[in-house]
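> With the hints as constraints, model all of the structure from the sequences given.
From first to last, the protein sequence lines stand for chains A and B. According to our numbering, the first sequence is numbered sequentially starting from 576. According to our numbering, the second sequence is numbered sequentially starting from 11.
Simulated from the structure, these hints should not be mistaken for lab results. Positions of the beta carbon are idealized from the N, C-alpha and C atoms, including for glycine. Treat the hints with caution; some may be incorrect.
As the list claims (entries may be wrong) - Here are the simulated lysine-lysine pairs, DSBU-like style, with alpha carbons at most 30 Å apart:
{"hint": "1", "chain 1": "B", "residue 1": "K460", "chain 2": "B", "residue 2": "K472"}
{"hint": "2", "chain 1": "B", "residue 1": "K380", "chain 2": "B", "residue 2": "K109"}
{"hint": "3", "chain 1": "B", "residue 1": "K371", "chain 2": "B", "residue 2": "K455"}
{"hint": "4", "chain 1": "B", "residue 1": "K240", "chain 2": "B", "residue 2": "K24"}
{"hint": "5", "chain 1": "B", "residue 1": "K109", "chain 2": "B", "residue 2": "K33"}
{"hint": "6", "chain 1": "B", "residue 1": "K380", "chain 2": "B", "residue 2": "K101"}
{"hint": "7", "chain 1": "B", "residue 1": "K472", "chain 2": "A", "residue 2": "K583"}
{"hint": "8", "chain 1": "A", "residue 1": "K583", "chain 2": "B", "residue 2": "K418"}
{"hint": "9", "chain 1": "B", "residue 1": "K436", "chain 2": "A", "residue 2": "K583"}
As the list claims (entries may be wrong) - Covered by chain A, per the in silico footprint, the following chain B stretches (three or more residues, Cβ under 8 Å):
{"hint": "10", "segment": "204-216"}
{"hint": "11", "segment": "226-237"}
{"hint": "12", "segment": "398-410"}
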Amino acid sequence: MSAMSTAKTLLAEALALPEGDLPANARIGAIEQWDSLAHTRILLALEERLGAPLDAEEAIAIESLEDIAALLVRRG
Amino acid sequence: MFLPIDRFGAILDKTSGVSWNSKALEAAVGARAAELKRSGLAPGGTTAITHGGTAHFFADLFAVWSCGAAAACLDPALTASERENVIAFCKPKLVLGEKGDLAAKNNEPTQRNWSLDDAALILFTSGTTGAPKGVVLSFRAILARLALNQYEIGHETLARALVTLPTHFGHGLIGNALTPLTAGGDIVLVPRGLPLAQGLGSLIDEHAITFMSSVPSLWQMALRLSPQPKTGTLKRVHIGSAPLSAALWSRIAEWTGCEVVNCYGITETANWIGGASTRNHAPTDGLIGRPWGGTAGVKTEDGTIRTLGAGEVVVQTPSLMSGYLDRSDLTTAVLRDGWYATGDLGEVDADGNMRLTGRAKDEINRAGFKVQPAEIDMLLDSHPSIAEACVFGLPDAASGEMVAAAIKLAPNASEDAASLRDWCLKRLRREATPERWFFVDEIPKTSRGKVSRDNVRNALIKKP
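Have a look at this one:
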């Protein structure tokens, strides 16, 4: 599975949206469901997937679907 | 009620940009109170305040109290239909909106002597449909709670407080804001959500914050997104309104470098009634320490109340509510012989320390905000395409519990999660709108044919 498709699954689950409804340019502020609780859900899901806590710089850098995929590539 | 506002602290409102020292607050309250009196507000009258979280909110609240009247503080995020429903139920004389809006709703005279036992605050924990649940707190209950909180925390620690919570519920209003403000401490009102979590460390440093209170979910975010404060001003942090794990408790203590208290409080008891501090206790799941004033006990299975053992937590506290507004049915169910039955399960040890272990009441706790599933069931049942609905709490690492709904659609209905969510958002505040939707052929029933939310949750969680 590519990092982008993993990121899509993870984000769709955190936002409780069907994957098909996620635009490729999904980002915080542009999707109504992406609120602060959903954001925490994304960070927790990433930590679970990576098996390690995110450091502050990594966590702060997460703002979009692309950022999630990029992090998965870097840490994958 | 006479309010010694000249001894209150200052309000720094970073949301609207208004900052008042106690003199300016006194002037604003005086002007507003005169206006309310001219509009006929007097002891026994109720005023609905439909805005919140700003310096002007506190001016409105204190002005209402100066008139000896009760303030029903409504969630500003209520939908129009929810607001209408709550206002129709609490029959306010006046409705105060943002930007100084004032609407007179009824002109029945309410002139009579004021008493400490008159209603001061009405806080709603439901309101979408039917007769809402409004907790009535007297002036006496609030004064008692403020005094007990201030005695427990200390005036020096309350010198400068960061308000991280909304002002329409007890934890935010009474605990986080009024406790420091009436002790002479300054309160700093800031925008919430992600900006607060990201900027928490620097906000604490910038405003020399000594005290703050919040819910666990803010810390889940802040510990990941914000650098630690550097100046060491923080003396004490409260956490409440939702279960705090021992692991998160320890991490917060490490991040803040100060005393962290896991508090227990309920709207019905005018917020905190006790807490366990890292000063005296190692972080332990569910540990909430001894009561700050009054007595805590447990109601055992045979219905007797004991101050040692396990059962439903019951409390006698000076800050107990007078009851639920015009809902004696609900009030008699939870108040007996001066004991308030909290609906939480727990145990009390020989030293009087309480530990919460679970919940008996039918309530969803979403990031500290309580959602009554029955009223959402009722709303969903009114949807023409829904044959039956059951709303329940689903465990969630970010919010503790999220609101979920099991839906049996009517034959030939074509609704999906997105269309039902849109329909709800027009009628239901966002925080109570289900985030997860399960479409089922039948809502699982007990052997007696009843719907049990626990059964529904368990049946649906097991499915992949």
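> None of the hints should be skipped; say for each whether it holds.
The hints, checked one at a time:
no.	hint	in the structure
1	K460/B - K472/B	20 Å, holds
2	K380/B - K109/B	28 Å, holds
3	K371/B - K455/B	19 Å, holds
4	K240/B - K24/B	21 Å, holds
5	K109/B - K33/B	21 Å, holds
6	K380/B - K101/B	24 Å, holds
7	K472/B - K583/A	24 Å, holds
8	K583/A - K418/B	29 Å, holds
9	K436/B - K583/A	28 Å, holds
10	204-216	holds (count 3)
11	226-237	holds (count 7)
12	398-410	holds (count 4)
Consistency note: the structure conflicts with none of the earlier hints.
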